[in-house]
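Mind docking these for me? Both chains are given alone in their own frames, and the hints should help you get the complex.
Taken in order, these protein sequences are the chains called A and B.
Okay, so the first sequence: first residue is 1 according to the numbering used here, each after it adds one.
Okay, so the second sequence: first residue is 1 according to the numbering used here, each after it adds one.
Since no wrong hints were added, every one of them can be taken at face value.
Straight-line alpha carbon distances no greater than 16 angstroms define the calculated EDC-like cross-link-like pairs of lysine to aspartate or glutamate that follow:
no. : chain 1 : residue 1 : chain 2 : residue 2
1   : A       : Lys89     : A       : Glu27
2   : B       : Lys98     : A       : Asp108
3   : A       : Lys133    : B       : Asp51
4   : A       : Lys132    : B       : Asp87
5   : A       : Lys89     : B       : Asp128
6   : A       : Lys52     : A       : Asp35
7   : A       : Lys132    : B       : Asp51
8   : B       : Lys157    : B       : Asp135
9   : B       : Lys12     : A       : Asp120
10  : A       : Lys133    : B       : Asp50
11  : A       : Lys52     : A       : Asp81
12  : A       : Lys89     : B       : Asp126
13  : A       : Lys133    : B       : Glu89
14  : A       : Lys133    : B       : Asp87
Please keep in mind that the hints were generated in silico from the structure rather than gathered at the bench.
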Amino acid sequence: MTAAPGRVATVLSMGNDTTTNDVLLLEDGPLVDADELEATLGWTLKPQGLCKDDACVIVPDPEAIRSGDQLDVMAIADLLDRPAAADEKSGLVAIGAPRDRRRAALRDLRAPDFVLPDLDGMPVALSDHRSKKRLLVAFSSW
Amino acid sequence: MIAVAIDEDVEKVRGAADGITYPVLIDADHVVTELYAISNVPTVVMIDEDDTIVHPNWSAFASDTFREITGLDSARQLDRIRRWVRDDELHMSAEEVKSAVDDLTPDEERARLHFRIAANLRRAGDPDGAARNFDRAAELAPHDWTIRRAALPLQGKDPFGDNYFALAAEFNEAGRPYHGVTGH
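Bound conformation, chain B alone (with noise of 0.2 angstroms):
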């Protein structure tokens, strides 16, 4: 298990990681979302001995927290993860693999690459380039989660409550899009 961070409060994460064993990294300028099209958190993805990714970006709970919202069985998940584990047993053909993540747009390319200035930016000082970076990325992805929930805190604006469901709402409307597999 790899635990990624798409964060850069580290003090959040340990909190969240106290007591965990498995490495747990901090992605401050979303290398990994740039990587493998990731559009929000929590995404799975299992990756055999070879490098092989066997299952596709996954929208996977370890818990029911969520499952009010997101409607998926965390335990139905978290079998078929340890079958993963236990007996090579898998529930994809590679060939769904293959299909089953939409490739980045340029816009949410650029998205990325604004984010991180933005990122950047704050970083060193400087809250209103950050700002502006931020908005652009924003405006180019409006609904990667990735992008647009993630700045909320960096911008010293709550990720929960109302500004989380005026973003959930832009979602819905938008039709739930998401690089990858979900409601399985």
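The following block holds chain A by itself, in its conformation from the complex (with noise of 0.2 angstroms):
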């Protein structure tokens, strides 16, 4: 499979928000082009391995991130820790927040942030009402 040129990480729906959320949605597999790496993951793999900004994640077996001239990024996503899942007829890669985010919530009590539209589509995230107690509700209409 060839990735088209210039792919970046796709957010198929609002609901996504890319920094905040750090759940992404990937058009055409799982395999990108080393170039291509940053804009799909936000990272880039140097000689000292994966690395964002000032933080670089050791690769123990490079071979292991490759499929021929190519990267996998689920196999990325698991040096991360952040869950992957492919349905390989459409294409579509799913790729789960970094498990400490969940971890924060559950072991050390850290609210995780999110932003998500409201009724009207306008975005508002849990911090924009930092400060306050917060009662959050899930429910739905199922």
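Right under this line is the structure:
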């Protein structure tokens, strides 16, 4: 499979805020060219490992994240402690949030921030209401 | 109060939110159920002024409509919420809160990702692709209501009636698994 040139991480719905929610939905399958990795995942592959800003993650087996001339974002997500799932037929790949974000909630009791649209489509973040007590209520029509 | 609909039917949610002044948000991609390990609704979390979770995922109800099914006393639950808001009174210690919610299993994580793929394929006009991924999600997390029941209306199926009772029977058979605290 050859990735389209200039491919970027695609957010297919407005519920995903890539910086705050940190979940991704990619088109065109799990393989990317090395020079597309930063636009796709926000990390770059360097001799010292996978790097983002000043942080680097060691890649224990460089072959394990390669597939031919390309990189496998599913294997890279695994190294970054993020869950990943692919639907081969459509080419969609979902990368979940770093597991640390949920562990921060469950074990350190730090509430992970998120941004979602309100009923008029305007983005609202949990952190917009910081310094107030917040009762987060998950509900549904089903 | 911040209400998050684990739903994408904005008009149905708008109907339920009539007259409400606090934020009502739409989580069509189930971001919050991943970040907070939420497996059913309603689930309530108390978050204090500096972002500390002081009460974990809690199966709490605003009325006694479902008391026959849940056995939960909504007045007692509301009273506990009021006492926290007014008097900072908590009925669980930090240590109790930390051990109250099991983390998602790898299968439950992947179920959320396949649900997200399915929901996006459905919105893109690919019902077969959506069904393929809703089915995969259901195999991975068969007793998670945010996966199984939430998928019903997105596939043109009634989330109430026979479909609900069939899911409830499977859920009861599995020992009513819930990521959080129930029954108080």
